[in-house]
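Undergrad: Just need the whole structure built from these sequences, with the hints factored in.
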Amino acid sequence: MLVTRGMRRTMFKVTGILLAGGQSSRMGTDKALLSVNGETVIERIVRLMSPSASNIIISANDDEKYAFLGKDVVHDRYPGQGPLSGLHAGLHAVATPWSIVTACDMPFVTEEVFRFLARKAEEAVAVMGDDKSGLQAIVPVSGGRIQPLLAAYHRSVLPSLETCLSSGRLRLTGWLEQLKVCYVSEEELIQELGPGADKAFYNMNEPSDYKRAMTGLS
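Residue 168 in the numbering used here sits at position 167 of the sequence shown, and the numbers go up by one each step.
Check each hint, because a few of them may be wrong.
Straight line, CA to CA, 35 angstroms or less: simulated DSBU-like cross-link-like pairs of lysine-lysine [as the list claims (entries may be wrong)]:
{"#": "1", "residue 1": "Lys-200", "residue 2": "Lys-181"}
{"#": "2", "residue 1": "Lys-14", "residue 2": "Lys-181"}
{"#": "3", "residue 1": "Lys-200", "residue 2": "Lys-66"}
What follows is a list of derived Cβ distance ranges for each label pair [as the list claims (entries may be wrong)]:
{"#": "4", "residue 1": "Pro-196", "residue 2": "Leu-159", "range": "31 to 39 angstroms"}
{"#": "5", "residue 1": "Glu-187", "residue 2": "Lys-66", "range": "30 to 38 angstroms"}
{"#": "6", "residue 1": "His-76", "residue 2": "Ser-26", "range": "29 to 37 angstroms"}
{"#": "7", "residue 1": "Ile-191", "residue 2": "Pro-160", "range": "17 to 25 angstroms"}
No lab work stands behind these hints, which were simulated from the structure alone. Ideal Cβ positions, reconstructed from N, Cα and C, are used throughout, including at glycine.
TA: What follows is the structure in structure tokens.
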């Protein structure tokens, strides 16, 4: 049966996971609540992720801080162990096989990026079905670096996350080496999202990064 784009959006569902459990120690204040162009970063991400995700989960450790978003907040099961712990908590709470994931400190992420990742996940399902040996992650490459915190993951990655967290192996790149990953090339990103695609992957760690974001990276 031919599936139109409109039908695809209703039939195929992904969950959105927003990683907001970091300490923001280098920034000195919660990065997710910084304002860029009159909107907090986390509000902007939720707004832009919503068209692609059937549900959005905030992976954090403070319910009250993010209650204004009206989304479920899940807590780390391995506190203090970085983004792998946040991803682990989020994936434990999802009801869909695939999730699109983003960090909370990306002020220029776009609706098109989320839609692209969701479509790549759907294409993986169309090719492989529910095969447990199939693709587990879709990770873009931008600026010559892999971008595991703006990516899509299948919930079959949970056992490997458990192993890494329980043994203290917390490097994202080391974890990805254990998975079946589709790396999306910079060329494909530009083809799909336009020549400014790399801006979506800009993240803020320090006050100087925030100052650059406030100027639009000019």
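Undergrad: For every hint, state whether the structure bears it out.
TA: Against the structure, the hints come out as follows:
1. Simply put, Lys-200 and Lys-181 have alpha-carbon atoms about 26 angstroms apart, close enough for the 35 angstroms limit, and the pair holds.
2. A distance of roughly 21 angstroms separates the Cα atoms of Lys-14 and Lys-181; the hinted pair therefore holds under the 35 angstroms criterion.
3. Distance check on the hinted pair: Lys-200 and Lys-66 sit about 27 angstroms apart at the alpha-carbon level, within 35 angstroms; holds.
4. At about 36 angstroms, the CB distance of Pro-196 to Leu-159 agrees with the hint of 31 to 39 angstroms.
5. Remark: the range hint 30 to 38 angstroms for Glu-187 to Lys-66 is upheld by a beta-carbon distance near 35 angstroms.
6. In this structure, His-76 and Ser-26 break the distance hint of 29 to 37 angstroms, their C-beta atoms being roughly 19 angstroms apart.
7. At roughly 35 angstroms, the beta-carbon separation of Ile-191 and Pro-160 lies outside the given 17 to 25 angstroms, and the hint is violated.
Hints 6 and 7 from the earlier list are contradicted by this structure; the remaining hints agree with it.
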